[in-house]
Amino acid sequence: MAFKPKIPIALLLLSLLAICAGLALAMQDPELKQCKHQCRHQRQFDEQEKEQCQRSCEEYHREKKAREGTERRRSEEGSSREESYEEEEFGGEHEEQNPYVFEDEDFETRASTDEGRDQVLEKFTKRSKLLRGIENFRVAILEANPQTFISPAHFDAELVLFVAKGRSTITTVREEKRENFNVEQGDIMRIPAGTPVYLINRDENEKLYIVQILRPVSVPGHFEAFHGSGGEDPESFYRAFSWEVLEAALKTRRDQLEKLFGKQRQGIIIKASKEQIQSMSQHEETPPRIWPFGGDSTHPFNLFHKRPSQSNKFGRLYETDPNECKQLQDLDLMVSFANITKGSMAGPYYNSRATQISVVIEGEGYFEMACPHRSSSGSRGQREGSGSSGRRSRSGPSYQQSRGRLRRGTVFVAPAGHPVAVIASRNKNLQVLCFEVNAQGNVRFPLAGKNNIVNEFEREAKELAFSLPAREVEKIFRNQDQEFFFPGPSRQQEEGGRAFE
Amino acid sequence: MAFKPKIPIALLLLSLLAICAGLALAMQDPELKQCKHQCRHQRQFDEQEKEQCQRSCEEYHREKKAREGTERRRSEEGSSREESYEEEEFGGEHEEQNPYVFEDEDFETRASTDEGRDQVLEKFTKRSKLLRGIENFRVAILEANPQTFISPAHFDAELVLFVAKGRSTITTVREEKRENFNVEQGDIMRIPAGTPVYLINRDENEKLYIVQILRPVSVPGHFEAFHGSGGEDPESFYRAFSWEVLEAALKTRRDQLEKLFGKQRQGIIIKASKEQIQSMSQHEETPPRIWPFGGDSTHPFNLFHKRPSQSNKFGRLYETDPNECKQLQDLDLMVSFANITKGSMAGPYYNSRATQISVVIEGEGYFEMACPHRSSSGSRGQREGSGSSGRRSRSGPSYQQSRGRLRRGTVFVAPAGHPVAVIASRNKNLQVLCFEVNAQGNVRFPLAGKNNIVNEFEREAKELAFSLPAREVEKIFRNQDQEFFFPGPSRQQEEGGRAFE
Amino acid sequence: MAFKPKIPIALLLLSLLAICAGLALAMQDPELKQCKHQCRHQRQFDEQEKEQCQRSCEEYHREKKAREGTERRRSEEGSSREESYEEEEFGGEHEEQNPYVFEDEDFETRASTDEGRDQVLEKFTKRSKLLRGIENFRVAILEANPQTFISPAHFDAELVLFVAKGRSTITTVREEKRENFNVEQGDIMRIPAGTPVYLINRDENEKLYIVQILRPVSVPGHFEAFHGSGGEDPESFYRAFSWEVLEAALKTRRDQLEKLFGKQRQGIIIKASKEQIQSMSQHEETPPRIWPFGGDSTHPFNLFHKRPSQSNKFGRLYETDPNECKQLQDLDLMVSFANITKGSMAGPYYNSRATQISVVIEGEGYFEMACPHRSSSGSRGQREGSGSSGRRSRSGPSYQQSRGRLRRGTVFVAPAGHPVAVIASRNKNLQVLCFEVNAQGNVRFPLAGKNNIVNEFEREAKELAFSLPAREVEKIFRNQDQEFFFPGPSRQQEEGGRAFE
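Residue numbers (the numbering used here), protein chains in the order written: chain A, 3 to 503; chain B, 3 to 503; chain C, 3 to 503.
What the hints contain is simulated information worked out from the structure, not anything from laboratory work.
It is possible that some hints are incorrect.
Identical copies look the same in the list; a pair holds intra-copy or inter-copy alike.
Claimed, not checked - When the alpha-carbon atoms are kept at most 27 Å apart in a straight line, the in silico DSS-like pairs for lysine-lysine are as follows:
1. Lys-273 x Lys-308
2. Lys-265 x Lys-452
3. Lys-253 x Lys-452
4. Lys-253 x Lys-477
5. Lys-179 x Lys-253
6. Lys-344 x Lys-265
Computed from a predicted model, the values in this text were never measured in an experiment.
With the hints as constraints, model all of the structure from the sequences given.
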């Protein structure tokens, strides 16, 4: 209290807010809060089910508290590290939500018709300043009914598509040349910024489900769609010009232009006839795709046609190779796909440089992550100059658990350096698509299983670091002989899963 | 003590202003406002002419409203997209001006003497957060009388010069070597950051007019000039050192140093004698310039000595080629120059990646641009989750026209992806210098004339996109057979031009 | 109409604030203020000594004012340039401290035990927005007692170490391989982001003193340490996972895990036994280091084994060569080390592109720097449009001196383009380690001595720039025939040094 009196007048209001936030945090654990929040936003639940769900959260929370009582007590000590970080960076702002998990309600519907919709995830920095490093990436998900047409547009953003489900034909125009690409599940395709593009769902029955990552080229963190072909809906950008200019540019009388740019009213995603679909999906005149492809080819390539980089009975990991995949190189991006067998888990591990943006494609489960930014520590003591012993205070950061439930459409972020584990429910495989931003030179360091980093330390380092005989340390870190994918928590399998399953 | 309580007051005021701004926006159309604003700032107008001019604005505005009544009604629907964008990005801040046009009053005079002046355009981000992508570029214009000397300086910015008018000798010092370059209209020259440079107007009669683009290397968006040689005006930075240090460094007694650094009082741009000019313009000992030049040559090159990349009787476009022009490559910059024949127009077109900063060198006219950021849309409806039909709401962005009058010295910005057209008055050719920022891999997509993108679409795509038979679409988009430059709006030519001409 | 009057109100308030700030500035010179500030923060001083010290500041200040009276009068003219800059950039915020000097109290102790501590300099942008260009670099200093172990960790930052004192063995784990490096004074080593690293002070008597520069890869300007090996202190990040997940991942029962992650309580820097030290310092199985080394080797290299790039009896300068030092290339970083002989000085000079972050390793002295950002000018006059003569106002920027005392641990920043000189006390050599950020293509331009830039100007340019006969200018700029290092201020040597010595 007596610590900050220098700024008080200006920050009086802010302090009040901070105190309120503090109280709120003390009264309600963020995990509990999020659990309840998720209950309230289950669309398929009715009011009664929502209440029941929230009660389960509380019950789970009470149990967990009791179970972990002793070791989690540290979070009550001193000032929170989050606070000091926030003060340092942003003048006391508080994050109330888990900054790393995004649900349905965090998407904005940019376009929607009876035949489908395009949803864009909110800006990462809107959620938390901790995500500034990926500010200039946006995630979007396109869904379209069978036999539909998605209207031509260009974007002021670099665009990478992943076909999560269904079959599409994607058409682009570059350098006065049209190219058509038939794509299917697992295909990745880069659309350079500004390129006119349109596509169809060429399947008669299956929905098309495309996950997109966009990197804006003009306004950092923000992009727009530009529809030239259209009328009232989608509105054509030609209509923003005066009739005089349009008449001169297109050498066409106004009445004809009014007709041309006034007819379309069905929106961006519309039904196409069987004949139209057939015709458009047979235009692929480009040579067959060969793996690996070179140069700056814009051809899509299929992630699932590669050998998995990790594979055992607990899961499979498919990854783009930066050398093969020139299209993604200048975006400093890698794409990977993990299929975690039901009841199994991936990690813990961490990425050395990359921040991983993951989108759940199918299945259920949860993740756990160790976060120094959000945790409490006794760091205040050291600030006042120490080194002189007496009562000892903690000498490094403290880590708090970030945890989130995963289901289809959930997006979660694992920043560089942060240890993370992903656990599949025991009912269904968990399929996760990952975009790795800042990918160049990235290394994945395993924290368990074969080749985990502790195993590599010298005997003396193990002794000194853990304050235990080296052989005891070694024994534990050599127990697990699988790599990357492991059998999941046994408790979960035996008891039916408390942990968000 | 009395220093800090200001913040609450400031916030109070800001809140009031925000409310006022909201009201004001409702009451007055931005375009009308800008038109009147321009009237009030015509230096050559007397008070009566200014009033007349403002009345014309109102008249024009009334007419336009009536004319466009039906199709522009949409702007009244729902919440504005600008607002939602602004809220998303910047917490509700309002743009009051057209963010893309800059006039005389937006320049700051950094240096001024009887012989000339150096004017710097305000930071782009001061005008609008939408210009964050070009934050780290600044535009400046130097004017100097015949037979003048512009004092030596270095800058904490990369500097690219374009000689818009006149003849100069530019001298730089690099690696213990002086180099002199005789430059003339159309010459482009890169001055690396920190390089000492001085120049002369070597012409006996003509003014020198140099347009500069600067990319700061130290403080993003901000640069400074450092004058070593000088005295009181320009002040020499040597004077900021203590006499003790200067005495030791220059091994010279203080009285002599006081004389050395105390004499100059005439400022940065000063008259030179005929003999001095003659001597300095004959020092060019460097080999003659050959086109194309290679390596990291710092030699200037002339844009007008190239073959134009577009040329017909309606205009000519000269462009630097990134491969030939190594000097600009690491700045990710291209320079182009459009000479639009009187009564003609360029575009509409858009740049795929580059943001185009244009400076009007000569002539008059106007531009029109389609802006999704500033326009209104019914997007609110979709936010609340749709896809379930019933009453349909618009499925994509809406575009607003950004329009601005062009005359000598006007700067306007066309961000990546934004469709834009530039129209010359019928009295005089319109000459526009363009800096394209973020130039690598940029493609210009034509929206009218030969090779326009709609022509490339498949028949089915045209049908589906416009909801019209393909042949009707094709007929219109094939009417115009010119490329890039077209005859201007006929109405303008017949009626004497309502549109800002 | 109701639209514009807000701006005058806003300006009114700003003007009032500006006036207040002006008064405050007039009342207390920043240099005096800093001098006194330094007095108050001398830890070794008692209250009486602090007061005495502050009185000396005032005395020195009075004398200096009198001495420099006439030529410094300009600072009273008109509005300050700092103001206009600050308004332009940051809405009127005022810098109260010298933004370029950092002392003990500007470090935060991140980790501290009886055996040593790790201190991190505050974010540069916390001090001043002027340092935004180096926002994403952080400086840290590690001190460890003889025969100690620094616990394993990885960082979400690229890390460059310089061994300022002592002998260490540094161990890293990369690609399932451990590497040990014996390093000593002068060694520079790059640790890629995310790499697990631990080290020892292998000397029996000498303290280890390592200066680090870090470039965060995840959150700009912010990094965290991740300790996996540890227990309660340092806290292991494994503890942030649930026991269920840890049991499954490490295939080990909870009671054993609780023991493993509960034992360590001694902190990050701990005593090691003689045997442990001996064993760990003999593990270096890597081939001997050869100079120059190629590829992307991660081997350390020694700056002092190179030929100095500048050397005379007044000082020596050692520099990394970007071509030899591949490790630093992608960080756009250079490292240099200046050993300035007692009573001598380096510069004045400036860097063309690089911003120089200097850390004083040993000795005492001071620096002087010319700063356009912080100085006053008559620029207000020109804003209202001039060029029309009458009463003349200054035509360019004005420069203010930034000056700071240097002693062990002081950090100071010289931004690109800023002329700077560093002066050693006459008692002891001054040793300064410099990190040059934005190093690619950087050129150091000398402002005195051999090859100074003024010497390179043409005769006519000298005449015109200084308004003096060319031979008078030449005479002075040729007096000093040494290069880079010069004998220091004679006054300082004769009188015992007023100037902060």
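Hint check:
Proximity of Lys-273 and Lys-308 under a CA criterion of 27 Å is satisfied in neither setting, with 34 Å inside one chain copy and 50 Å between copies. Taking CA atoms no more than 27 Å apart as the test, Lys-265 paired with Lys-452 passes between copies only; the shortest distance there is 24 Å, against 63 Å inside one copy. In this homomeric assembly, Lys-253 and Lys-452 come within 27 Å of each other (Cα to Cα) only across copies, at 12 Å, whereas the closest approach inside a single copy is 70 Å. Taking CA atoms no more than 27 Å apart as the test, Lys-253 paired with Lys-477 passes between copies only; the shortest distance there is 11 Å, against 81 Å inside one copy.
In this assembly of identical chains, the alpha carbons of Lys-179 and Lys-253 lie at most 27 Å apart only when taken from the same copy (23 Å versus 57 Å across copies). In the homo-oligomer, the alpha carbons of Lys-344 and Lys-265 never lie at most 27 Å apart, since the shortest distance is 51 Å inside one protomer and 35 Å across protomers.
Figure legend: structure checked against the earlier numbered hints; hints not met, in rising order: 1 and 6.
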